[in-house]
Amino acid sequence: MQGPCGPETYYQNKKMKPELTKYIVFSYFSGDATPLQKEMVLKWLEDARNVELYFTWLEEWEKMHIQFQPDPAKALTKVKAKLRDEEQPALTPEPLPVRRISRKMVLLWAAACLFLMSFAAFWQRELLIYRTYHTAFGEQTRFRLADGSTVLLNANSTLKVPRWGFGKSTRHVFLDGEAEFSVQHTHDHQYFKVHNADRSLITVLGTEFVVYTRARKTSVVLNKGKVEISSPAGDQPLTMLPGDRATVGTSGRIVIEKLSDEKLAEHSAWTEHRLVFDDTPLYEVARRIHELFGVEVKINGRELAARTATGSFPAKNADELLSILSYMYDFEIKKADNKVILIPNR
Amino acid sequence: MLFLNFVIVLNGTHKFVELKKMQNKTLDQDYSNKSLMQAESGLDREEASDTAIDKEFFIRSVFQTDVEKGYDLLFCHYYTPLCSHAVRYVYSREVAEDIVSEVFLAFWKKAAHIHITTSFRAYLFMSVRNKCLTYLRWEFKNEIAEELSDTTLVSMHMQPDKLVEFDELYQRIVKIVDGLPPQNQKVFLMSRFNGMSYQQIADKLQISRKAVEAHISKALGELRRALGSNH
Numbered sequence: 001m002q003g004p005c006g007p008e009t010y011y012q013n014k015k016m017k018p019e020l021t022k023y024i025v026f027s028y029f030s031g032d033a034t035p036l037q038k039e040m041v042l043k044w045l046e047d048a049r050n051v052e053l054y055f056t057w058l059e060e061w062e063k064m065h066i067q068f069q070p071d072p073a074k075a076l077t078k079v080k081a082k083l084r085d086e087e088q089p090a091l092t093p094e095p096l097p098v099r100r101i102s103r104k105m106v107l108l109w110a111a112a113c114l115f116l117m118s119f120a121a122f123w124q125r126e127l128l129i130y131r132t133y134h135t136a137f138g139e140q141t142r143f144r145l146a147d148g149s150t151v152l153l154n155a156n157s158t159l160k161v162p163r164w165g166f167g168k169s170t171r172h173v174f175l176d177g178e179a180e181f182s183v184q185h186t187h188d189h190q191y192f193k194v195h196n197a198d199r200s201l202i203t204v205l206g207t208e209f210v211v212y213t214r215a216r217k218t219s220v221v222l223n224k225g226k227v228e229i230s231s232p233a234g235d236q237p238l239t240m241l242p243g244d245r246a247t248v249g250t251s252g253r254i255v256i257e258k259l260s261d262e263k264l265a266e267h268s269a270w271t272e273h274r275l276v277f278d279d280t281p282l283y284e285v286a287r288r289i290h291e292l293f294g295v296e297v298k299i300n301g302r303e304l305a306a307r308t309a310t311g312s313f314p315a316k317n318a319d320e321l322l323s324i325l326s327y328m329y330d331f332e333i334k335k336a337d338n339k340v341i342l343i344p345n346r
Numbered sequence: 001m002l003f004l005n006f007v008i009v010l011n012g013t014h015k016f017v018e019l020k021k022m023q024n025k026t027l028d029q030d031y032s033n034k035s036l037m038q039a040e041s042g043l044d045r046e047e048a049s050d051t052a053i054d055k056e057f058f059i060r061s062v063f064q065t066d067v068e069k070g071y072d073l074l075f076c077h078y079y080t081p082l083c084s085h086a087v088r089y090v091y092s093r094e095v096a097e098d099i100v101s102e103v104f105l106a107f108w109k110k111a112a113h114i115h116i117t118t119s120f121r122a123y124l125f126m127s128v129r130n131k132c133l134t135y136l137r138w139e140f141k142n143e144i145a146e147e148l149s150d151t152t153l154v155s156m157h158m159q160p161d162k163l164v165e166f167d168e169l170y171q172r173i174v175k176i177v178d179g180l181p182p183q184n185q186k187v188f189l190m191s192r193f194n195g196m197s198y199q200q201i202a203d204k205l206q207i208s209r210k211a212v213e214a215h216i217s218k219a220l221g222e223l224r225r226a227l228g229s230n231h
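Top to bottom, those sequences are chains A and B.
Going letter by letter, the first sequence gives residues 1 to 346 in my numbering.
Going letter by letter, the second sequence gives residues 1 to 231 in my numbering.
Check each hint, because a few of them may be wrong.
Listed below are the simulated DSSO-like cross-link pairs for lysine-lysine, each with C-alpha atoms no more than 30 Å apart in a straight line [said to hold, decoys possible]:
1) B:210 x A:63
2) B:69 x A:82
3) B:109 x A:63
4) B:175 x A:38
5) B:210 x A:74
6) A:43 x B:175
7) A:38 x B:162
8) B:186 x A:74
9) A:193 x B:110
10) A:63 x B:110
11) A:74 x A:43
12) B:109 x A:78
13) B:175 x A:22
Computed far set for chain A versus chain B, every beta-carbon distance over 10 Å [said to hold, decoys possible]:
14) 34
15) 51
16) 67
17) 110
18) 132
19) 172
20) 255
21) 284
22) 298
23) 344
Everything labelled a hint here was simulated from the structure, so no lab data went into it.
Quick reminder that beta carbons are idealized off the backbone N, C-alpha and C, glycines included.
Start from the sequences, fold in the hints, and give me the full structure.
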């Protein structure tokens, strides 16, 4: 057992076999120790507590046998300068290694993006400028516009409404199909204009009317108020009165006629999911079914096609309407992918 | 008053003024001042190892209150003996100073004063020895050794046989250099230790440049042979 081994302890502790003195260790450092003394040092170092003493003596020995006289002050200044240099970037953290992009490249990319965006905007300008309401076959939607006017859109119809400034600077809407308008009168008496599919135009202040407009024909039925109708054919705009029906044919000529109350109701029947026919030939009915429900109806035989239908029919879907008609006109219904063929019974 | 002089030289005159002012200030500073004086008087004592222990203790206590000041003290106290030790291995004044400076640099960067388990003295000596060995391997054997972590450094180099091995290494190098023929040794030391250029040596010794080169390569060859055999 070795005690804490200061030099004094060594002198006191005579039980220790090898008497290791500082002078032996010093001569060992100098390389003058005998092999036996070296062995003693090795043994002595086996006690971990002596290792610290070893370094203490090493320092002391070095101080007694200085090899050269360096300048610690100069060295310290150098080390501190180096530390400062290395700490500087640490204090102001360097921007993460982001790829440096030249200003030119940024501009180039910005220009490219702008070009693409404007191209896309131009290409999709309809989407950007107009909000489009569209109904599928057999579907009806009622909605309110920004100016407070309400629209009931019949099946397979499209209404385009400007997204920006509607009700403030303009009240233009674009219709393809069938719709019932209930137009709100504005304080500044702003016109509400319906651009129809055949490019005829309805100008309103505040009123209720039903419009049917497809490329081949437009008909407007006025329930309330006053409406002006014009067509691209260049006729003078005609003014409609309540209960009037205006029809714009393919020629662009506008015909206005006064409707009876019953007839008037017929034009609004679709708003209650009914269809009203009055001496309407079946081919016309077939076209109407196609328009509203997307079902193509073919009629076999001129005779059948020419027969006329009269009455009010439930019109939630094409099947219902056709089955009633088949019963009435004695024909058979044959279905072939989204096509219905009406075959007269012999 | 040797040590006090060091401090003053190092930190410039303003520090000196500070020292003067400090005398009437806080207890801490008062204490450190006293310790400074104690350490001074310690140098005069016969038992120098006690002084060394005191100095280590004193530096540690300064580290607790003022790390930077502690670092300055540590540097000034150990720089010279560490350089002296390093030069026994590398035989170049410049390299030795670089190695010691690097060790101190790493000491600061790692904040070694917080986590080392040995005395500062043991840590510094072991680090210097380790760097010297790395340097020698690089110079004479073209080996690139990895830097040891502090824990490996302590656990490995505290082993008695490792310590003795290191002692034997520098002793062997001394013997090799000592054993060189006088002129050869002279040229070698002028070139390597003093960092003189071949031309300067040639001029000073009035020999040809070629002869200087031959001397150097012979000395280095001796060292390479001696170091390569065992390491």
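Status of each hint after checking the structure:
Restraint check for residue 210 of chain B and residue 63 of chain A: the C-alpha separation of about 38 Å exceeds 30 Å, so the hint is violated. Of the supplied pair hints, the one linking residue 69 of chain B and residue 82 of chain A holds, its CA atoms being roughly 17 Å apart against a limit of 30 Å. For the suggested pair residue 109 of chain B and residue 63 of chain A, the alpha carbons sit about 27 Å apart, so the restraint of at most 30 Å is met. Between residue 175 of chain B and residue 38 of chain A the CA atoms are separated by roughly 17 Å; this keeps the pair inside 30 Å, and the hint holds.
For the hint pairing residue 210 of chain B with residue 74 of chain A, the CA-to-CA distance comes to about 35 Å; that exceeds 30 Å, so the pair is violated. Restraint check for residue 43 of chain A and residue 175 of chain B: satisfied, since their Cα atoms lie roughly 25 Å apart, inside the 30 Å limit. At roughly 13 Å between alpha-carbon atoms, residue 38 of chain A and residue 162 of chain B fall within 30 Å of each other, so this suggested pair holds. Distance check on the hinted pair: residue 186 of chain B and residue 74 of chain A sit about 28 Å apart at the alpha-carbon level, within 30 Å; holds.
A threshold of 30 Å between alpha carbons decides the hint, and for residue 193 of chain A with residue 110 of chain B the separation of about 80 Å lies outside it, so the pair is violated. Under the criterion of a C-alpha separation no larger than 30 Å, the hint pairing residue 63 of chain A with residue 110 of chain B is consistent with the structure, at around 27 Å. Simply put, residue 74 of chain A and residue 43 of chain A have alpha-carbon atoms about 41 Å apart, too far for the 30 Å limit, and the pair is violated. Between residue 109 of chain B and residue 78 of chain A the CA atoms are separated by roughly 15 Å; this keeps the pair inside 30 Å, and the hint holds.
Restraint check: the Cα-Cα separation between residue 175 of chain B and residue 22 of chain A comes to about 23 Å, which is no more than 30 Å; the hinted pair holds. With a minimum CB-CB distance of about 13 Å to chain B, residue 34 of chain A clears the 10 Å threshold, and the non-interface call stands. Listed as a non-interface residue, residue 51 of chain A fails to keep its Cβ farther than 10 Å from every Cβ of chain B; the least gap is roughly 5 Å. A Cβ of chain B approaches the Cβ of residue 67 of chain A within 10 Å, the least distance being about 4 Å, so the stated non-interface status is violated.
With a cut of 10 Å on Cβ distances, residue 110 of chain A stays outside the contact zone with chain B, its closest approach being about 44 Å. Its beta-carbon lying about 68 Å from the closest one in chain B, residue 132 of chain A satisfies the requirement of being farther than 10 Å from that chain. With a least beta-carbon separation of about 74 Å from chain B, residue 172 of chain A lies farther than 10 Å from that chain, consistent with its non-interface assignment. With a minimum CB-CB distance of about 97 Å to chain B, residue 255 of chain A clears the 10 Å threshold, and the non-interface call stands.
Residue 284 of chain A, annotated as away from the interface, keeps every beta carbon of chain B farther than 10 Å; the closest lies near 94 Å. For residue 298 of chain A, the condition that its CB be more than 10 Å from all CB atoms of chain B holds, with the nearest at approximately 89 Å. Residue-level check passed: residue 344 of chain A sits 100 Å from the nearest beta carbon of chain B, beyond 10 Å.
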